[in-house]
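J.: All chains should be built: construct the whole structure from the sequences, respecting the hints.
Protein chains in written order, with the numbering used here: chain G, 2 to 518; chain F, 2 to 518.
Bear in mind the hints are in silico, worked out from the structure with no lab data behind them.
Misleading hints may appear alongside valid ones.
Any copy will do: because identical chains look the same in the list, a pair fits if it lies in one copy or spans two.
Simulated crosslink set (DSS-like; lysine-lysine; CA at most 30 Å straight-line) [as the list claims (entries may be wrong)]:
id, residue 1, residue 2
1, Lys32, Lys67
2, Lys67, Lys39
3, Lys414, Lys67
4, Lys467, Lys414
5, Lys399, Lys516
6, Lys301, Lys516
7, Lys327, Lys414
Protein chains: 2
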Amino acid sequence: MSYQLIENALGKMVPSHINGQEVVPYQGVGKYHPSGQKAAPAISSCANYPSSGDKTVANLKTALLKAGLRNGMTISTHHHFRDGDLLANQIFDIAAEEGVKDLVWFPSASFPCHSKMIRHLESGVIHHIEGSMNGPLGEFVTAGKMKGMAVLRSHGGRYQAIQDGEVHVDISVIAAPTADPFGNANGLRGPSACGLLGFALADSQYADKVIVVSDNLVPFPCHPWQIQGNYVDYVVSVEQVGDPSKIVSGTTQITKSPDRLLIAELATRFAIEAGIVQDGFSFQAGAGGTSLAFAIFLEKFMEENQIRARFVRGGSTQYLVKMLEKGLTDYILDGQTFDLEGVRSMREHPCHVDTSPFTSYNYHGKGNFASLIDVVILGATEVDLNFNANVVTHSDGKLLHGLGGWQNCLFSKCTILPIPSFRDRLPVIRDQVTTVCGPGELIDVIITERGIAINPLREDLIAKTKGSNLPIRPLEDIKEEVDKLCGKPDLPVLDEEVVAAIKWVDGTVIDAVRKLK
Amino acid sequence: MSYQLIENALGKMVPSHINGQEVVPYQGVGKYHPSGQKAAPAISSCANYPSSGDKTVANLKTALLKAGLRNGMTISTHHHFRDGDLLANQIFDIAAEEGVKDLVWFPSASFPCHSKMIRHLESGVIHHIEGSMNGPLGEFVTAGKMKGMAVLRSHGGRYQAIQDGEVHVDISVIAAPTADPFGNANGLRGPSACGLLGFALADSQYADKVIVVSDNLVPFPCHPWQIQGNYVDYVVSVEQVGDPSKIVSGTTQITKSPDRLLIAELATRFAIEAGIVQDGFSFQAGAGGTSLAFAIFLEKFMEENQIRARFVRGGSTQYLVKMLEKGLTDYILDGQTFDLEGVRSMREHPCHVDTSPFTSYNYHGKGNFASLIDVVILGATEVDLNFNANVVTHSDGKLLHGLGGWQNCLFSKCTILPIPSFRDRLPVIRDQVTTVCGPGELIDVIITERGIAINPLREDLIAKTKGSNLPIRPLEDIKEEVDKLCGKPDLPVLDEEVVAAIKWVDGTVIDAVRKLK
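T.: In structure tokens, the structure reads:
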């Protein structure tokens with residue numbers, strides 16, 4: 002093995018090196034103090050760019066070759082089209098055609114549409130992937146089939162890694178619904194409008210070469226310039242850059258499960274009873290069915306009680322858009338549009354604002370937006386009695402999900418995990434979670450259909466909800482009840498070999514995913 | 002002397018060192034190829050910033066002390082309030098109170114209101130100024146009274162110098178008409194609304210410590226965040242941050258001089274005859290009286306001929322705003338609002354867009370906006386027969402003006418200098434300009450009340466205007482005629498000592514200003 006296993010502050014054994022690079026084990030929340038300087042890109046000169054501003058080249062292959070595509074490079078893409086991405090596969094098909102090997106693919110997230118990458122992983126075109134593992138790629142990794150070690154980072158952690166020089170991007174390819182020949186680009190207009198392009202921001206700022214690909218080239222200036230042409234090397238015009246219908250995933254529908262509706266209702270009642278839902282408050286609820294139900298219940302309460310939020314954080318959906326249009330919030334601060342209503346609203350409403358992992362999530366900035374949010378609703382695959390939570394692996398040991406903004410959102414003033422107490426007869430509250438993605442000290446409340454458990458560290462929340470008629474119980478009690486129902490689950494049989502490292506928001510390694518035997 | 006004089010590509014003798022730092026002499030347009038990396042600011046951590054996002058401190062003095070104000074630091078300010086700036090003087094008054102010495106003041110421009118700095122220059126609180134010299138400060142410098150050497154840079158050159166690490170800013174103080182406690186800030190709203198804050202962008206991105214000062218603190222989020230709170234260390238609330246009535250200077254009135262009106266008319270006719278004024282074209286005209294007259298004449302022609310510009314570049318004024326509102330241009334791309342109508346329009350009109358020296362002028366980017374502009378109208382204090390031009394000194398040797406965006410704008414597709422052939426009986430066309438600020442190869446047309454001279458390098462423009470009834474003449478002819486009228490002027494008596502260095506857009510030294518004997 003090219004690494005040793007060392008114990009981090011959570012007692013987890015993590016690799017000392019990732020793909021040959023020495024790493025720092027997790028040291029606790031806010032305990033690791035970075036030293037050194039940010040990454041410093043090479044200085045460019047306008048003398049080397051067309052004075053007309055026209056950076057268009059014939060096609061993606063030409064752009065990649067001009068950008069110097071060669072063995073061992075790190076190529077980044079972003080996931081604003083989610084499962085409708087059309088570019089990433091093309092890039093590595095071109096690399097394969099050109100006989101290029103040992104690339105690192107550094108997407109902001111991967112989706113089932115990227116299962117085609119498996120053949121490039123097998124053939125050696127791609128050495129390893131640093132990014133979320135969704136579905137088939139996750140299974141491939143968990144089976145120990147990828148040459149290098151996978152690295153999973155939160156959205157903020159990805160910005161941090163690029164900014165801090167942990168990941169050097171050689172070529173960034175940005176799918177842009179609208180662009181001009183100078184490279185200014187946004188996601189607001191055009192046949193493939195997907196909303197915003199914030200996940201590509203760090204790449205545009207720090208990559209050696211930046212390629213913008215669009216199916217809607219407009220004359221300069223393309224405004225707003227969510228991506229600034231001053232960072233862009235080449236512009237490519239294509240027939241179709243992405244399939245925006247697929248930014249809507251199954252997770253953007255409100256749950257119909259009675260249990261989950263109950264959980265969402267409990268979460269809403271908790272936020273209200275704890276005194277969080279007041280004029281000028283803020284919340285973030287993702288696109289999962291339970292989160293959406295929470296937002297709907299909250300909306301009803303806000304309307305009835307004439308409460309107006311200062312801002313809500315997206316992933317935006319039609320539900321948040323409706324709140325903005327009804328005047329229930331001053332702003333949507335949006336990191337990712339999850340449906341086409343979100344796209345429309347961002348284009349039309351001046352208070353539906355696009356944000357980026359830099360503004361919202363980068364832990365190595367002078368603050369970020371995530372810690373300013375009053376209450377956030379997040380999911381989890383597992384939790385343990387110390388309130389540690391897992392979001393990337395299932396209890397069978399398989400790596401199947403990415404971190405998204407999950408770790409970053411834990412820094413909100415009140416983090417609630419509304420989760421079922423068991424799934425497929427497997428208890429969700431475990432003795433130990435398969436993979437720790439977030440430390441318990443940041444997780445304030447766990448809400449199941451069997452009751453609400455408040456983290457003992459949050460004496461303020463315990464005091465505020467004392468005397469309410471909420472079903473507040475110790476987490477141990479809920480676990481015991483579920484364990485009786487489900488029985489003690491079998492644990493997966495894992496190899497010692499690490500197939501994926503889980504980074505914390507500060508670049509340290511919080512846990513590792515093992516090969517499944 | 003702490004430097005030698007070396008000859009640059011224009012044959013000018015320039016200092017080898019500026020304030021102890023070795024510099025590169027000007028090598029020709031696009032001839033200097035920068036190597037190396039951009040400046041790399043220290044990595045921050047959210048762990049060191051309040052999780053509430055509230056970065057407010059009691060007052061400016063507290064903020065400066067927390068930022069570590071000490072001897073020898075470089076302190077930057079910006080000039081969006083122009084002669085209505087209220088902060089810069091306060092900063093150095095505080096420094097004087099605290100007994101701090103040898104500071105470098107690095108403003109984006111100075112104005113007559115800053116003449117109070119002279120006492121800090123005399124007492125040693127400020128060692129030298131790097132920035133434009135306007136009026137009294139310029140006279141002080143030209144007289145050789147400043148301890149260090151002044152450095153003048155264009156707006157783009159200032160961004161380049163910070164980005165490339167030539168100038169390291171220790172503390173940046175940003176006057177913000179609106180801000181939130183996190184440090185997000187803009188110039189659009191509040192009692193001191195001044196439009197935009199682009200000149201402070203580089204400082205916010207690269208300075209060690211960033212202080213935002215505002216008289217209009219709003220709850221998070223202050224949007225748009227022209228300055229991003231993620232770069233900001235401290236926020237200070239004050240009674241009044243600037244006097245926006247003084248952003249309107251005397252130069253934002255249309256000229257009433259018949260000669261200058263004629264010159265402006267000739268410039269307009271030239272642009273039309275040369276085929277530049279077509280649907281989708283672009284132009285930039287500054288806030289000088291002649292430039293404004295040019296814009297008015299152009300507007301009339303565009304209306305009569307149903308021509309619509311794609312964009313016009315500001316400094317915005319009521320005249321440009323009117324063009325936008327009439328539909329004569331798709332966009333105003335604005336670098337600096339020159340009157341309150343400009344401020345209002347930028348706040349209200351989605352196509353009145355704020356830009357920054359990064360997007361528009363930075364020569365060490367992957368292109369910039371300046372070279373995309375079809376025609377630009379600029380001023381000059383002097384020109385010579387090689388079309389070299391001066392914009393910072395008068396013929397008496399006094400340094401009285403800054404470079405502004407002048408050098409950057411020379412990269413437009415057609416640069417026109419509409420200037421009177423003499424001022425105060427001194428000819429404007431000289432054997433040699435007192436200070437070369439822009440090389441003749443970038444200056445295409447000189448238009449005086451006595452005729453139009455086209456740079457012989459621009460055969461295309463010569464061909465296009467051949468056969469027109471424009472008074473096109475060789476520059477030599479015009480000079481001869483004026484010299485006969487005015488007589489040969491006395492030249493100023495200059496010392497060898499360099500009091501100010503003039504940087505080119507790429508950081509090389511294009512000329513030097515001598516001490517006046």
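J.: Using 30 Å as the alpha carbon limit, work out where Lys414 and Lys67 are close: within a copy, between copies, both or neither.
T.: Answer is between; shortest inter-copy Cα gap is 27 Å, intra-copy 47 Å.
J.: How would you classify Lys32 and Lys67 at a CA-CA limit of 30 Å: within, between, both, or neither?
T.: between (43 Å within a copy, 22 Å between copies)
J.: Checking an output row: Lys467 and Lys414, CA cutoff 30 Å. Within, between, both or neither?
T.: Classified as within; 19 Å inside a copy, 72 Å across copies.
J.: Could you figure out if Lys67 and Lys39 sit no more than 30 Å apart (CA to CA) within one copy, between two copies, both or neither?
T.: both (27 Å within a copy, 23 Å between copies)
J.: Checking Lys301 and Lys516: alpha-carbon separation at most 30 Å within a copy, between copies, both or neither?
T.: neither (46 Å within a copy, 74 Å between copies)
J.: Using 30 Å as the alpha-carbon threshold, which applies to Lys399 and Lys516: within, between, both, or neither?
T.: The answer is within: 9 Å in one copy meets 30 Å, while 75 Å across copies does not.
J.: Classify it for me, Lys327 with Lys414: is the Cα-Cα distance of at most 30 Å met within a copy, between copies, both or neither?
T.: Answer is within: at 26 Å inside a copy they meet the 30 Å cutoff, but 49 Å across does not.
Of the hints listed earlier, the one the structure fails to meet is number 6.
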